[in-house]
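Protein chains: 2
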Amino acid sequence: MTTTTREIHLAARPNGWPTQENFALVTTDLPAPAAGQVLVRNTHMSVDPYMRPRMNDVKSYVPPFQVGEPLDGAAIGKVVESTVDNLAVGDLVLHRLGWREHALLDAAEARRIEPIDGVDVSHYLGVLGTTGLTAYVGLLDIARFKAGDTVFVSGAAGAVGSVAGQIARLRGAKRVVGSAGSAAKVAHLTKKLGFDAAFNYRDGPVADGLTAAAPDGIDVYFDNVGGDQLEAAIGALHDHGRVAMCGSIAQYNESTPPPGPRNLALAVGKRLTLRGFIVIDHFGRTSDMVREVGGWLASGELVAEETFVDGLDNAVAGFLGMLRGENTGKMVIRL
Amino acid sequence: MTTTTREIHLAARPNGWPTQENFALVTTDLPAPAAGQVLVRNTHMSVDPYMRPRMNDVKSYVPPFQVGEPLDGAAIGKVVESTVDNLAVGDLVLHRLGWREHALLDAAEARRIEPIDGVDVSHYLGVLGTTGLTAYVGLLDIARFKAGDTVFVSGAAGAVGSVAGQIARLRGAKRVVGSAGSAAKVAHLTKKLGFDAAFNYRDGPVADGLTAAAPDGIDVYFDNVGGDQLEAAIGALHDHGRVAMCGSIAQYNESTPPPGPRNLALAVGKRLTLRGFIVIDHFGRTSDMVREVGGWLASGELVAEETFVDGLDNAVAGFLGMLRGENTGKMVIRL
Numbered sequence: 000m001t002t003t004t005r006e007i008h009l010a011a012r013p014n015g016w017p018t019q020e021n022f023a024l025v026t027t028d029l030p031a032p033a034a035g036q037v038l039v040r041n042t043h044m045s046v047d048p049y050m051r052p053r054m055n056d057v058k059s060y061v062p063p064f065q066v067g068e069p070l071d072g073a074a075i076g077k078v079v080e081s082t083v084d085n086l087a088v089g090d091l092v093l094h095r096l097g098w099r100e101h102a103l104l105d106a107a108e109a110r111r112i113e114p115i116d117g118v119d120v121s122h123y124l125g126v127l128g129t130t131g132l133t134a135y136v137g138l139l140d141i142a143r144f145k146a147g148d149t150v151f152v153s154g155a156a157g158a159v160g161s162v163a164g165q166i167a168r169l170r171g172a173k174r175v176v177g178s179a180g181s182a183a184k185v186a187h188l189t190k191k192l193g194f195d196a197a198f199n200y201r202d203g204p205v206a207d208g209l210t211a212a213a214p215d216g217i218d219v220y221f222d223n224v225g226g227d228q229l230e231a232a233i234g235a236l237h238d239h240g241r242v243a244m245c246g247s248i249a250q251y252n253e254s255t256p257p258p259g260p261r262n263l264a265l266a267v268g269k270r271l272t273l274r275g276f277i278v279i280d281h282f283g284r285t286s287d288m289v290r291e292v293g294g295w296l297a298s299g300e301l302v303a304e305e306t307f308v309d310g311l312d313n314a315v316a317g318f319l320g321m322l323r324g325e326n327t328g329k330m331v332i333r334l
Numbered sequence: 000m001t002t003t004t005r006e007i008h009l010a011a012r013p014n015g016w017p018t019q020e021n022f023a024l025v026t027t028d029l030p031a032p033a034a035g036q037v038l039v040r041n042t043h044m045s046v047d048p049y050m051r052p053r054m055n056d057v058k059s060y061v062p063p064f065q066v067g068e069p070l071d072g073a074a075i076g077k078v079v080e081s082t083v084d085n086l087a088v089g090d091l092v093l094h095r096l097g098w099r100e101h102a103l104l105d106a107a108e109a110r111r112i113e114p115i116d117g118v119d120v121s122h123y124l125g126v127l128g129t130t131g132l133t134a135y136v137g138l139l140d141i142a143r144f145k146a147g148d149t150v151f152v153s154g155a156a157g158a159v160g161s162v163a164g165q166i167a168r169l170r171g172a173k174r175v176v177g178s179a180g181s182a183a184k185v186a187h188l189t190k191k192l193g194f195d196a197a198f199n200y201r202d203g204p205v206a207d208g209l210t211a212a213a214p215d216g217i218d219v220y221f222d223n224v225g226g227d228q229l230e231a232a233i234g235a236l237h238d239h240g241r242v243a244m245c246g247s248i249a250q251y252n253e254s255t256p257p258p259g260p261r262n263l264a265l266a267v268g269k270r271l272t273l274r275g276f277i278v279i280d281h282f283g284r285t286s287d288m289v290r291e292v293g294g295w296l297a298s299g300e301l302v303a304e305e306t307f308v309d310g311l312d313n314a315v316a317g318f319l320g321m322l323r324g325e326n327t328g329k330m331v332i333r334l
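For the record, the sequence lines run as chains A and B.
Read the first sequence against numbering that gives the first Met the number 0 and you will find it ends at 334, with the numbers running on by one and no gaps.
Read the second sequence against numbering that gives the first Met the number 0 and you will find it ends at 334, with the numbers running on by one and no gaps.
Source of the hints: derived by calculation from the structure; they are not laboratory data.
Glycine included, every Cβ here is placed at the ideal spot set by N, Cα and C.
One should not assume that every hint holds.
As the list claims (entries may be wrong) - Below 30 Å or equal to it, Euclidean Cα-Cα: the simulated BS3-like pairs (lysine-lysine) are:
1) 190/A x 145/A
2) 190/B x 145/B
3) 190/B x 145/A
4) 173/B x 269/B
5) 58/A x 173/B
6) 184/B x 173/B
7) 145/B x 184/B
8) 191/B x 58/A
9) 173/B x 145/B
10) 191/B x 269/A
11) 58/B x 145/A
12) 191/A x 173/A
13) 173/A x 145/A
14) 269/B x 58/A
15) 58/B x 173/A
16) 145/B x 58/B
17) 173/B x 190/B
18) 173/A x 269/A
19) 173/A x 184/A
20) 145/A x 58/A
21) 77/B x 269/A
22) 145/B x 269/A
23) 190/A x 173/A
24) 191/A x 145/A
25) 173/B x 191/B
26) 184/A x 145/A
27) 145/A x 269/B
28) 191/B x 145/B
Said to hold, decoys possible - Computed footprint of chain B on chain A, listed as stretches where at least three residues anywhere in the stretch have a Cβ under 8 Å from a Cβ of chain B:
29) 259-271
30) 276-286
Looking at chain A on its own, in the form it has when it is part of the complex (with noise of 0.2 Å):
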């Protein structure tokens, strides 16, 4: 029986900023699952920073989307057909077909999920998936956090950088400060996420801001957005110094690269070390972060703001509202 459905394709690739007329809803009718597919009703999908530069027809470690074709990304739904024995009708999964009312996919491409008491399941898009994790890794392993360091986390306010920065108090630090872009996210981060102290990169010079809220130096850096905060944290960093260099939000829509830092010499005689990573490679640590994020999750120790926009028309605004920033947190689309 074929199942009748709408999904959003990427109508044209943008140049620079993307808008409505690159995207189009389109309805279209899914065969019944082939011998080891399954069909899931997708409940929430996720927008990320990420899927901007897969709009571009440029090389990169995700494919790009395909004129013309469905996009695609996280997602999480329930099994409505199945023709294997290890998932049943109605249970949860996450795969990989967002963007999209239905889901037919082979079973290997969806991983059962477990509702963990207290927590909403939509967190598995987020603080307990690829945006945790990506938290979780940069910080951890990329950025070799310890006990007692100073973090400075750009882009706080945002999925990634929001959990980066309670993960840091969480496990032990001396200090955690961030950046956002309005005086509403700083008044957030500080007051309900436990930084002890944030600026707003837009009130004047970004080392300005930074030496405010960390005027002993910094040990540690999670970077989410380059440009002018990189150069004012890499003045800022203490000798052996860490840098995550994680995906660059602000870096996505321009059509000419910012300048890199111009202090980056200083690198040599602070010993400093930069080093950038993408989440794929570091899955192998899921059930670590899961463990450890939803335990703090479920005791209410860690805040996972979630930012909802409801229904697949309007998946597209949810998408350029998260580039703008206009999200708290991690923004969701509910289908």
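Following the hints, complete the assembly by docking chain B onto the known chain A.
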């Protein structure tokens, strides 16, 4: 009994490139060694890039030189008076009081060195000293070179670069390429030092020269210069590539820093690691280095070029020539 001797003082701090006027040759009297001291007649002294930033009044990992005071740096000499049991008249020692014909110092500050058969003792100022240790540690410990890697060394005809490239070759690199500032140096790299390819960074865009030399990309970049060579290397590095950031000659004399690499954001998708280092953190590796590099030197598998300048009267000219890149390999002043 006093010893009348000569030494070089910093007469005035240079602004930009130093000149003869920044230095003074001063005659002075040294007292007889006190208990625990030795008097050394210096035979060789080192001039090194790191001495230039020490002429600025800037706190760094080594204290600045003081105006009106003698310069210092690595030197080799023969003990001519001793008050201690473990150093005898005639012993060869390595110590830190260069830029003078005699050195009066605590015996604990002098390290006795053993000549190696067939290896000029002056090499203890270079390939068997801090220079060689910088190359050894930078390549093996900082850039984590492994057999099969393709390695790019900038400033490859310089003291550190020429050793780094050869260690890579002798440790089983797939391909070793280097950049230098003249056709003669480029020829030297491929004809004498065993580099697989080399290019003159003044001949055109560095990225083009690097692509021609290493068309399949690189795994390790040993950075002696920063600037556009670092940018070209970031473009050429494979996934999981590593950069050892060593002191940058090009930047020591700049009043304004050069632009940072515009493509640094590639470090995320490529999972690059850039790591600055200072050799003084790594003296514990000296005996490993002397054993391995000393063996290659004695067997002739590793070529360590030296450029000699004779006499303390010519030491400043030798230093300035080294800053301008007139040396091939290690610049040594014979006293």
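Taking the hints in turn, this is what the structure says about them:
1. A distance of roughly 24 Å separates the Cα atoms of residue 190/A and residue 145/A; the hinted pair therefore holds under the 30 Å criterion.
2. Straight-line distance between C-alpha atoms of residue 190/B and residue 145/B comes to about 24 Å, which keeps the hinted pair within the 30 Å bound.
3. A threshold of 30 Å between alpha carbons decides the hint, and for residue 190/B with residue 145/A the separation of about 48 Å lies outside it, so the pair is violated.
4. With a CA separation close to 20 Å, the supplied pair residue 173/B and residue 269/B stays within the 30 Å bound.
5. Taken as a hint, the residue 58/A and residue 173/B pair is honoured in the structure, with Cα atoms around 26 Å apart against an allowance of 30 Å.
6. A hinted pair counts as satisfied when its Cα atoms are at most 30 Å apart, and residue 184/B with residue 173/B qualifies at roughly 22 Å.
7. For the suggested pair residue 145/B and residue 184/B, the alpha carbons sit about 26 Å apart, so the restraint of at most 30 Å is met.
8. A threshold of 30 Å between alpha carbons decides the hint, and for residue 191/B with residue 58/A the separation of about 40 Å lies outside it, so the pair is violated.
9. Under the criterion of a C-alpha separation no larger than 30 Å, the hint pairing residue 173/B with residue 145/B is consistent with the structure, at around 10 Å.
10. Distance restraint check for residue 191/B and residue 269/A: the Cα-Cα separation of roughly 35 Å exceeds the 30 Å cut-off, and the hinted pair is therefore not satisfied.
11. Between residue 58/B and residue 145/A, the direct Cα distance comes to roughly 27 Å. Compliance with the 30 Å bound is thereby established for this hinted pair.
12. Restraint check for residue 191/A and residue 173/A: satisfied, since their Cα atoms lie roughly 18 Å apart, inside the 30 Å limit.
13. Between residue 173/A and residue 145/A the CA atoms are separated by roughly 10 Å; this keeps the pair inside 30 Å, and the hint holds.
14. For the suggested pair residue 269/B and residue 58/A, the alpha carbons sit about 12 Å apart, so the restraint of at most 30 Å is met.
15. Pair hint residue 58/B plus residue 173/A holds up; C-alpha atoms about 26 Å apart against a cutoff of 30 Å.
16. Taken as a hint, the residue 145/B and residue 58/B pair is broken in the structure, with Cα atoms around 35 Å apart against an allowance of 30 Å.
17. Of the supplied pair hints, the one linking residue 173/B and residue 190/B holds, its CA atoms being roughly 18 Å apart against a limit of 30 Å.
18. Restraint check for residue 173/A and residue 269/A: the C-alpha separation of about 20 Å stays at or below 30 Å, so the hint holds.
19. As the CA atoms of residue 173/A and residue 184/A are separated by approximately 22 Å, the hinted pair is consistent with the 30 Å bound.
20. Annotation: proposed proximity of residue 145/A to residue 58/A is violated, straight-line Cα distance about 35 Å (limit 30 Å).
21. In summary, the hint linking residue 77/B to residue 269/A is not supported, as the alpha carbons are separated by about 36 Å, beyond the 30 Å threshold.
22. Of the supplied pair hints, the one linking residue 145/B and residue 269/A holds, its CA atoms being roughly 25 Å apart against a limit of 30 Å.
23. Of the supplied pair hints, the one linking residue 190/A and residue 173/A holds, its CA atoms being roughly 18 Å apart against a limit of 30 Å.
24. Our distance criterion of 30 Å between C-alpha atoms is met by residue 191/A and residue 145/A, whose separation comes to about 23 Å.
25. Restraint check for residue 173/B and residue 191/B: satisfied, since their Cα atoms lie roughly 18 Å apart, inside the 30 Å limit.
26. Taking the CA atoms of residue 184/A and residue 145/A, the gap is about 26 Å. The hint holds against a cut of 30 Å.
27. For the hint linking residue 145/A to residue 269/B, the alpha-carbon distance of about 25 Å falls within 30 Å, and the restraint holds.
28. Distance restraint check for residue 191/B and residue 145/B: the Cα-Cα separation of roughly 23 Å lies within the 30 Å cut-off, and the hinted pair is therefore satisfied.
29. For the segment 259-271 of chain A, the stated coverage by chain B is satisfied: 13 residues place a CB nearer than 8 Å to a CB of that chain, which reaches the threshold of 3.
30. Counting residues of the segment 276-286 of chain A whose beta-carbon sits less than 8 Å from any beta-carbon of chain B gives 3, enough to reach three: the coverage restraint holds.
The structure does not agree with the numbered hints 3, 8, 10, 16, 20 and 21 stated previously, though it agrees with the rest.
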